[in-house]
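Participant: Put together the whole structure using the sequences plus the hints.
The primary structure of each chain is shown beneath.
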Amino acid sequence: MTDFKNATELLMLCIDENLKISEVMMRREIEAGETTREISSSRMHRAWEIMRQSALGPIETPVRSIGGLIGGEARKLTRYQKEHQGICGGVVSKGITYAMAVLETNASMGLIVAAPTAGSAGIVPGVMLAMQEEYGFSDEQIVEALFNAGAIGYIAMRNATVAGAVGGCQAEVGVASAMAASAAVELLGGTPQQCMDAASTVLTNMLGLVCDPVHGLVEYPCQNRNAAGVANALIAAEMTMAGITQLIPLDEMMDTMYVVGKRMPPELRETALGGCAVAPSACACCCNL
Amino acid sequence: MSFISVFDVLGPNMIGPSSSHTAGAAIIGYLAQKMINGPIVKVAFTLYGSFAKTYRGHGTDRALLGGVMGFRTDDVRIRDSFQIAKDNGIEFSFIPNETETEVHPNTVDVKMVNEQGHQMTIRGESLGGGKVRIVRINGVDVDFSGEYSAIIVVQQDKPGVVAHITQTLSNIGINIAFMRLFREKKGQIAYTIVETDDVLPENLSQYLRINKNIHDTMIVQL
Chain P
1 MTDFKNATEL LMLCIDENLK ISEVMMRREI EAGETTREIS SSRMHRAWEI MRQSALGPIE
61 TPVRSIGGLI GGEARKLTRY QKEHQGICGG VVSKGITYAM AVLETNASMG LIVAAPTAGS
121 AGIVPGVMLA MQEEYGFSDE QIVEALFNAG AIGYIAMRNA TVAGAVGGCQ AEVGVASAMA
181 ASAAVELLGG TPQQCMDAAS TVLTNMLGLV CDPVHGLVEY PCQNRNAAGV ANALIAAEMT
241 MAGITQLIPL DEMMDTMYVV GKRMPPELRE TALGGCAVAP SACACCCNL
Chain B
290 MSFISVFDVL GPNMIGPSSS HTAGAAIIGY LAQKMINGPI VKVAFTLYGS FAKTYRGHGT
350 DRALLGGVMG FRTDDVRIRD SFQIAKDNGI EFSFIPNETE TEVHPNTVDV KMVNEQGHQM
410 TIRGESLGGG KVRIVRINGV DVDFSGEYSA IIVVQQDKPG VVAHITQTLS NIGINIAFMR
470 LFREKKGQIA YTIVETDDVL PENLSQYLRI NKNIHDTMIV QL
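Chains as they are written, first to last, in this note's numbering: chain P, 1 to 289; chain B, 290 to 511.
Source of the hints: derived by calculation from the structure; they are not laboratory data. One or more of the hints may lead you astray.
As the list claims (entries may be wrong) - Partial selection, computed: residues in chain P whose CB lies under 10 Å from chain B:
id, residue
1, Met26
2, Ile152
3, Gly208
4, His215
5, Pro265
Since the structure is predicted, the reported quantities are computational estimates derived from the model, not experimental observations. Note that CB positions come from ideal geometry on N, CA and C, so glycine has one too.
Facilitator: So, in structure tokens, the structure goes:
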């Protein structure tokens with residue numbers, strides 16, 4: 001049966017059978033998840049459709065979040081990019097816009113796909129939508145890449161954590177960005193090893209990021225960090241595609257991230273008792289709470 | 290370790306903003322309404338821990354109420370659940386309890402009353418990522434997740450009831466995944482919770498109630 005416990009085993013499966021990460025993950029889903037390729041593929045198409053809607057909605061119609069801390073950011077970015085050509089350029093400018101948009105949808109009780117969590121739900125769709133627009137990838141190709149992203153997220157869930165309350169923001173936005181980086185590299189024709197290098201790069205670059213939501217809500221600084229996550233994912237993908245290899249393999253970075261997360265004080269793990277959450281302006285802000 | 294699907298990573302498809310405070314809350318509400326014969330006319334939610342502190346900003350209240358009206362985690366009607374409940378004449382209230390601290394941080398008691406005036410209270414915990422546990426039914430400590438098809442049997446704590454349950458399931462070819470028995474006191478009301486791999490047929494309750502020590506049955510499947 002096709003299954004793996006960590007990145008090393010996944011890489012072996014890819015090499016032994018000359019398969020992409022996405023295909024190994026699909027086979028694992030079919031065999032260990034007792035389902036069919038058609039059902040899995042159609043479920044992922046549905047997820048992709050929700051991702052797309054959640055990213056496009058707020059650009060057309062911005063909505064204020066329930067907590068009142070965010071709303072309208074994606075439209076501002078879109079306008080700026082139209083008038084001034086975004087500073088980051090192409091994929092990054094679009095990606096950060098979509099990522100922030102998804103967090104707006106999420107914070108106003110819209111429909112999203114947790115990827116891997118609700119608070120980090122903007123990064124994978126942000127990167128995938130921007131890559132589709134800039135490179136012309138088909139929906140089929142993107143859906144395949146989502147299985148690649150899912151493989152990286154699964155490794156994190158199995159061996160480390162994706163919960164901010166356990167491992168801080170590095171476990172949520174960090175893992176989401178690692179997933180997006182790996183998927184981007186596969187889309188660009190990179191090898192499974194390169195996908196993992198890109199994911200590993202993200203985890204090193206986002207190591208130690210704390211989870212400190214203002215008023216305990218999935219709004220601020222979560223939305224900003226989704227944009228930063230997109231940039232991190234794309235930086236890692238570009239470095240990897242340029243042939244830069246990484247000293248620390250993905251499994252070791254997963255362990256490292258997990259250990260660092262567990263050593264964070266509870267104040268910095270989603271409790272809203274530290275970090276940005278206790279900055280004077282955050283405490284004073286006039287939320288409708 | 291249970292299987293982690295690619296859709297546990299890219300999922301659940303959910304109404305935001307929080308898998309634990311919104312999606313999990315909707316699932317608890319959904320499971321709760323499966324345990325009482327509808328329609329529900331009145332529901333009161335007592336919120337504990339983090340639920341009590343941040344329920345408005347996370348839409349926990351709307352998600353719980355939506356769940357009680359049968360909405361799933363990805364149902365956009367959750368956002369308007371207050372209005373929908375009012376339109377349907379469902380009375381609802383939310384009571385934050387910040388004094389009781391000996392509970393899981395995301396805990397809620399759902400007290401429901403149906404048209405016949407029957408009352409049912411269940412306690413649910415939201416564990417994160419949209420995973421939940423039902424830990425109390427009408428004051429009796431229980432434990433089930435709702436991830437499997439389940440039948441909850443309310444019975445008198447007497448010999449032969451469990452044998453009757455397993456025999457009935459066997460007769461209709463249902464494989465038991467997990468089975469647990471919970472009771473208040475010896476000889477009093479007990480609950481048997483059977484979780485199964487297969488979808489449970491609605492007429493199962495009829496067969497089970499042949500035994501006169503079985504008072505009630507509830508089929509709970511997502």
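Participant: Each of the hints needs a verdict: does it hold here or not?
Facilitator: Status of the hints after comparison with the structure:
no. : hint   : result
1   : Met26  : holds (8 Å)
2   : Ile152 : holds (8 Å)
3   : Gly208 : violated (22 Å)
4   : His215 : holds (6 Å)
5   : Pro265 : violated (17 Å)
When held up to the earlier numbered hints, the structure conflicts with 3, 5 and fits the remainder.
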